[in-house]
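Asker: Join the two chains, each given in its own frame, into one complex according to the hints.
Protein sequence lines, in the order shown, are assigned to chains A and B.
Just so you know, we're using our numbering here: the first sequence kicks off at 56 and counts up by one.
Just so you know, we're using our numbering here: the second sequence kicks off at 8 and counts up by one.
In silico EDC-like cross-links for lysine to aspartate or glutamate, where the CA-CA straight-line distance does not exceed 16 Å: (1) B:Lys408 with B:Asp316; (2) A:Lys145 with B:Glu212; (3) A:Lys317 with A:Glu281; (4) A:Lys278 with A:Asp251; (5) A:Lys275 with A:Glu258; (6) A:Lys146 with B:Glu212.
Residues of chain B placed beyond 10 Å of chain A at every Cβ, according to the derived structure: (7) Pro76; (8) Tyr125; (9) Gly186; (10) Phe193; (11) Leu201; (12) Cys240; (13) Val288; (14) Leu292; (15) Ile331; (16) Leu357; (17) Pro373; (18) Trp416.
None of these hints come from the bench; they were simulated from the model.
Quick reminder that beta carbons are idealized off the backbone N, C-alpha and C, glycines included.
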Amino acid sequence: MSEDSPALRLKGVTKRFGEHTAVDSFDFEVPRGVICGLLGPNGSGKTTSIRMIMGILGPDEGSVSLFGQDPDVVRRAKVGYLPEERGVYKKMKCLELITFLGEIRGLRRGEARRRGGDWLDRMGLTDWAEKKVEDLSKGMQQKIQFIGTVIHEPELLILDEPFSGLDPINQDVLEEIVREYHARGTTIVFSTHLMDQAERLCERVCLISKSRKVLDGDLKEIKAAERRGIVAVEFEGPDTWIQGPEIDRIERKEGSLHLILKDGQDHQHILNRAVASGARILRFDLIEPRLHEIFVRHAGEGLVGGAGMADGPRSASADGLTHFGTA
Amino acid sequence: MWHNVIAVIRREYLQRVRSKWFIAATVAGPLLMAAVTVLPAWLAIQGERDEFRLAIVDGTGVLSERLVPRLENGGFEVEEVRWHADVVTELRERANGGDLGGFIMVDELTLETGEAIYYSMDVPSGLRRVTVQTSITRTALEYQLEQRGVDAEGLMGGGALEIEVISEAGSDITEVGFGLAYIGSFFLYMTILLYAVAVMRATLEEKTSRIVEVIISAMRPWELMLGKIVGVCAVSLTQMAIWISAAAALIAGGIPMIIAARPELTNLSSIGEIVPGISLVILFLGFFLFGFLMYSGLYAAVGAMCNTDEEAQQAQFPMIMLLIVPILMVMPVIQEPNTPMAVWLSLFPLFSPILMWARVAGGGVPSWQVLLSFILMALMVWVIAWIAGRIYKVGILMSGKRPTLPELWRWVKEA
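Only chain B is shown next, with the shape it has when bound in the complex (with noise of 0.2 Å):
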């Protein structure tokens, strides 16, 4: 019997992680990853190391004491040219001949109203000129305060505002647990219906090829189902722990390369506070697993029902369905994770892959519910494996039209 389980299963699981789709949607996926994140970000630097070499003038004699350090700790290389009559023309001229990225010009104006000229040998990107404005006017302002005797260092760092949530319902939730929540949903909505239709398909094919009748003359339909979505789960974990690997590998040796080569980007430094934790990132794949097991079940028998991929497509709108409402739910779920209705729908176990994962990346979900949550999906799962083995089982062999629901109760009831 599990002979046959197992001989089902490394088909299934040898048959699509040889095959090139899954080898190219695995490798691909990561290296896209890296693509659009170290790569534009490398390329910036290397094409910008020149433009970070600045001079500066000025024009006050009280400015440069601060803005220097402050131009320094941004990544550039700061020479400080002393005003004359023909210092522009100068500068210019080393500027062209490539010894300097640029040179900004600071004077009593300034000091008052925070302008300054920047002479640039291209056009600066964004981040360099706020850095670059953002050092002169942070410098201008703290100069003039400290003239009137203030304490300028914390209003300067920006102040700090302290929350506190006074609301039951509210919720605390910070922004990388706004974003771990957010794409955490959608992540789990695409890659639970992308499984799950990946068993209907092979079911589907099986049926309409004929060779289920040789492999059902040999097992049982419920091996053959079984094989079927644990091969796939098989599958579907080896991609994730490819993808989850990569992307560890990703932010622990990449993000580090680009604040060492970068330094005026050091709020990325709190991209490591987006990290998930290991135990997010099991409860991740524990509301994967549990989704794709309930949601390969439904596949299945819907597989098992058709005879052609436009009637499978029809009819698999209802688990779409299932799929589509907690992805609507998701955001204002996120921002107010325990209101008595986002408890119960992050409860319903068809929802709960999505909506609970929503709450609980967002935080401050109480860990009964979490429990609560996996323990009623596993309930799911042994009744959707129930009924829908048991449409499976006449579905498999059956050709001719589509069941209409009454049709498939009988089914269940008498398979």
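Okay, chain A solo, but in the shape it has when bound (with noise of 0.2 Å):
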């Protein structure tokens, strides 16, 4: 394998079941060393793609490798997964169900239980070592869960939303133990459909809506690509200029204004008009998007119409668009 290929590649990857199509021909590649956030709303194929990358599922299409190579070869010792759907042997005591999954990843028995019992001391759960995982509330079932995720040291940690599910305090732990991971040069790959979390988070985000990747890329590069349209402005003196061609309509937001252009306007023009107006201007700012505003502009059919698009009994849209931009 060369040290240049990405972490993960996918490469026309669809999956059909029965008439529908879960995710179509998706083109992924995710740099090593990255935090990529997967985003869409429940039921837009996440999942789905992620259970590809695991090999819980065979591509229909296409082709998924993992570091250059073979992912049936790589995937057991170099890459930690949490499903979605968060499962434990309820039985077992916590520290044993932890050396347990990290046996399998190929640690030694020894080795596993040491750092089994490091992980739980620093999650605070020292004291429910030798407890059973049943008598663990959700919360700390989760945090389990994460350490026997990367008990092996994953080189790429695919995590299907990891945030929902925790209270504040534990999507904080959580968030700090992925940049940590991150700043060690882990890669990172994760699904959510919350959007403030993927802002804060993620160097380069995927979106994906009605099984279809809509937008990949950097996130400052797209953020840059995508700042258009939206001006903030805060100004004394004349008001006139603020009227124009160019102009869709005019929100008051924060005490400033926000003049939203109609497509393909340039904002130039209007900050000719102001300065020629005699206006003293406060500010004069092109608002930079939210992933929100972007992910509805590239897919706002999508968020609407995407009821029945999900691949379970959920229903897709209407918890999907509740989380965007409120969270």
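Answerer: Written out as structure tokens, the structure reads:
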């Protein structure tokens, strides 16, 4: 394998369940050492894609490679996986479960046990080591499962909705750990429908909607490319210049005015007109779009019309929409 | 690769062996066995100690000479008392004073009809009653026959009936062999079913709890399935080893104790005959092992293809049938173990554990047939592993509705 091959590469991956295409010719690459968010409403195909990466489902078309290699060869030792549906052996003692999960990832038993103990200390669960998993709260169970995911120090972490079900404090704990692994050079791919979280954590994002990829790339570049159309202004003096053919509508927000431009119009005309009018400009700011807005812009239809796209009994769009932007 | 399998085996084994259920069943089994066999006998001995002191009043003058030793052999402590007018009153008083458990009056009528009176402090147990009664009638009969110059010994010993089996299919099974075959078959049926279902439940639990996703991303499905089956198998063998040693200890230690304490139960010594030989124990374990391997494979596949307990209950129906049919055939096969039907049925691998055992325990099965049945079972294990492994591989990650038979076949072909 070559050192520069990406940690994860999907080529034209397609998965169908009967009539329904869950993932449609998905191309996706994650360079090494990057935190990448896989974003989309429920039922958009995130979990199906992740399951194909983990070899749980076989793609109908296309191929998956990890670190430029056959995923079946690399997966066990190099990848850590936290599934969306959290499964644990409820009757096992916490430390035993963690040890077992380490063992099947290739660790020696003693080593797995030692690391498991360290992790329990770190998570503040030392007293629970010899307790049965079923006696723990849901949040604690999730921590145990997370420890099981990272116990073998994987080079690639695949986390399916890692933050769901965690209280804010534990979300912060998890976020901190994810950043720590990132700092060590671990590649992290996580799916979420919480745009704020993705915006804070991710260097790259991949937006999927209705089984298709709609946007993919470096988050900063995406935002720069999408930075058009809204200008926040604050000024003193004449306001005639804010009216013009470029402007679609005006909104008042937090003490400033948001000028929403028509498609393809240049904000430079407005600035020229403002200067000419003699107004004193306090702020003339191209608003960087929120990830949420970018997503809505690209997949608005997918969000609104997403119901029925769910790959399970959950209904997709309503839940997706309420989380976007508000979380 | 084996690292994974061993990890799965160890987990499965330790989890189960440490569970309360296992400890309860393993310990409680032998205890229960001991409780229902040894305890009542022991209690009876304790309770009846006093009642074994008997007095005999012989009005004939000829019976007691033989009757006393006979009763003593039966475990009684016998005292001979001469007949006099107030003997009944006297002995009653002694008995009430705790000196005697009871007394027996025999007279001329006894010599003719075998009738006698047994004055007892309590209602005698059936066994005690029979021992006393047969002792008296035998003694009387012996006396009568002797008076006529007949050899009483042979006749009184119950005679002998020599059995020669002349039909080929006939069974020369003893009662003991019959018991072993019959009880053993049921025990095999129950244990195979119990542990195969345990494999199914474990599979189903992993599937529904979704932990299987994590495990399968780290190992191949067959590694998980193999580890699971071997783990449960080790648990079952552990349990059987405990049971068998407990039974051995019970037989070796318990029965002589009972016999020593209660000589009239000497016919218990024939239990020594039903204690299976070591080779029979090994055969039994062999039938269990192969039966378990075949059925646990099938049950693992059922667990993998279902999503709920209810579905699994329904889907295991064919397997239950495969186990019930030989159980229904056990009786006829034990009675006529060498008919062509018995031979063929017992050679069918899925029936062999139960039916071949039934024949073997009864005795008189050519060893080539036993060997052949093991070879066929080994082949069957391989075939089932191949098919079930494929169903398992697809099913374990599949959610949604249970597959139909054609779908199952597609899984097997495509996996």
